[in-house]
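Enquirer: Each chain is listed here by its residues.
2 protein chains.
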Amino acid sequence: MDMIEKTKEKNYKFHGKVINLRTDQAIAPDGSEVYREVVEHPGGVAIALEDEDGTFFMVTQYRYAQEKILLEFPAGKKEAGEDPLETAKREIIEETGYEGTDYVYFGFIVPTGAYDTETIELYYAKKGRFLGQHLDEDENINVSKMTLDEIIDGIMAKKIPDAKTIALAFMIKAYKERQQ
Amino acid sequence: MDMIEKTKEKNYKFHGKVINLRTDQAIAPDGSEVYREVVEHPGGVAIALEDEDGTFFMVTQYRYAQEKILLEFPAGKKEAGEDPLETAKREIIEETGYEGTDYVYFGFIVPTGAYDTETIELYYAKKGRFLGQHLDEDENINVSKMTLDEIIDGIMAKKIPDAKTIALAFMIKAYKERQQ
Chain A
241 MDMIEKTKEK
251 NYKFHGKVIN
261 LRTDQAIAPD
271 GSEVYREVVE
281 HPGGVAIALE
291 DEDGTFFMVT
301 QYRYAQEKIL
311 LEFPAGKKEA
321 GEDPLETAKR
331 EIIEETGYEG
341 TDYVYFGFIV
351 PTGAYDTETI
361 ELYYAKKGRF
371 LGQHLDEDEN
381 INVSKMTLDE
391 IIDGIMAKKI
401 PDAKTIALAF
411 MIKAYKERQQ
Chain B
241 MDMIEKTKEK
251 NYKFHGKVIN
261 LRTDQAIAPD
271 GSEVYREVVE
281 HPGGVAIALE
291 DEDGTFFMVT
301 QYRYAQEKIL
311 LEFPAGKKEA
321 GEDPLETAKR
331 EIIEETGYEG
341 TDYVYFGFIV
351 PTGAYDTETI
361 ELYYAKKGRF
371 LGQHLDEDEN
381 INVSKMTLDE
391 IIDGIMAKKI
401 PDAKTIALAF
411 MIKAYKERQQ
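Chains as they are written, first to last, in my numbering: chain A, 241 to 420; chain B, 241 to 420.
Derived by calculation from the structure, the hints in this document are not laboratory data. Keep in mind it's a predicted model, so treat the numbers as computed, not measured. Do not take every clue at face value.
Where chains are identical, the list cannot tell them apart; a pair therefore holds if satisfied intra-copy or between any two copies.
With a Cα cut of at most 35 Å, we get these calculated DSBU-like pairs of lysine-lysine [as the list claims (entries may be wrong)]:
1) Lys398 <-> Lys416
2) Lys246 <-> Lys398
3) Lys329 <-> Lys257
4) Lys246 <-> Lys413
5) Lys248 <-> Lys413
6) Lys248 <-> Lys308
7) Lys385 <-> Lys248
8) Lys416 <-> Lys253
9) Lys257 <-> Lys385
10) Lys366 <-> Lys253
11) Lys398 <-> Lys257
12) Lys399 <-> Lys250
13) Lys366 <-> Lys257
14) Lys367 <-> Lys253
15) Lys250 <-> Lys398
16) Lys413 <-> Lys250
17) Lys367 <-> Lys250
18) Lys257 <-> Lys308
Given these sequences and hints, build the entire structure.
Expert: Below you can see the structure in the form of structure tokens.
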């Protein structure tokens, strides 16, 4: 069954620092014309960095759009054209001070596919050398550590709502169970 | 530690059918001024509807912004001021034809909290009466059914990238395990 909507017209309404916004006219499979709003985002990565004692590095930060302080796996935005693994290797040092080693890739998630181009690539890594934290100018984060079971208990208790963190925590748990 | 950024100025750049966009000036805890781009979205719901045989209703649809056909749990956008459980009850009938019963609430996820107000409330329900599917004019979806293990295998095989579907599938699995 053909479901693809073919773009007829892209109308840019906003070019920003993080996102662009356009409204498109597209042609549906039945020939009718549909209107679509699209947020363009370069995509990001999230990294679950495991220490030798089995705890994971977590970051707490204020998420302005949500008006909430959220507890998340370290994450960051891709630079234009950047390989996501390179983004992950850069961001994990920036946010925790430690490099990651033995990277495992779990694919990407689509956070909100109806109107947003963003994907978030998910990685699991082991803690390597300490190289020193260096945050962006407008970043204000706290680093803490939790076991995977504590993270999953926090998710089930509705205390960790961040989508990438939920997906990655459960994937690591399933990955570890399947390795046994 | 104070992390809250206080809004100083909201500048609307776009008012759309699905989303609005604004750029804000805010005051960081250290007194400095920060610039934030914010997508406003009314929020949505996702529903995992389980049949008597243990299979779940899934929908396949073209996600224009992603340029991909995605396999997801049924979902929909909240009307302004609508209680999310009412949205869930409405959307599950619209998309599958069946009502849900015995609703269990798993909290909400924040799909992309850095710049978007959207939250998605997650529900698990049992299949009730057949009342008939009725889609929105610009909706074009295929309904299929999968076991929870098939969904989780699909996630781990990187074939189901939708964030709400990943979160809800793993939460139902954890919920069932904790009930045993």
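Enquirer: Take the hints in turn and mark each one as holding or not.
Expert: The hints, checked one at a time:
| no. | hint | verdict |
| --- | --- | --- |
| 1 | Lys398 <-> Lys416 | both (23 Å within a copy, 16 Å between copies) |
| 2 | Lys246 <-> Lys398 | between (39 Å within a copy, 25 Å between copies) |
| 3 | Lys329 <-> Lys257 | within (23 Å within a copy, 38 Å between copies) |
| 4 | Lys246 <-> Lys413 | neither (39 Å within a copy, 37 Å between copies) |
| 5 | Lys248 <-> Lys413 | neither (44 Å within a copy, 42 Å between copies) |
| 6 | Lys248 <-> Lys308 | between (39 Å within a copy, 17 Å between copies) |
| 7 | Lys385 <-> Lys248 | between (49 Å within a copy, 34 Å between copies) |
| 8 | Lys416 <-> Lys253 | neither (45 Å within a copy, 46 Å between copies) |
| 9 | Lys257 <-> Lys385 | within (31 Å within a copy, 41 Å between copies) |
| 10 | Lys366 <-> Lys253 | neither (42 Å within a copy, 43 Å between copies) |
| 11 | Lys398 <-> Lys257 | both (32 Å within a copy, 30 Å between copies) |
| 12 | Lys399 <-> Lys250 | between (39 Å within a copy, 29 Å between copies) |
| 13 | Lys366 <-> Lys257 | within (32 Å within a copy, 44 Å between copies) |
| 14 | Lys367 <-> Lys253 | neither (43 Å within a copy, 43 Å between copies) |
| 15 | Lys250 <-> Lys398 | between (39 Å within a copy, 30 Å between copies) |
| 16 | Lys413 <-> Lys250 | neither (42 Å within a copy, 41 Å between copies) |
| 17 | Lys367 <-> Lys250 | neither (44 Å within a copy, 41 Å between copies) |
| 18 | Lys257 <-> Lys308 | both (22 Å within a copy, 26 Å between copies) |
The structure shown violates the earlier hints numbered 4, 5, 8, 10, 14, 16 and 17.
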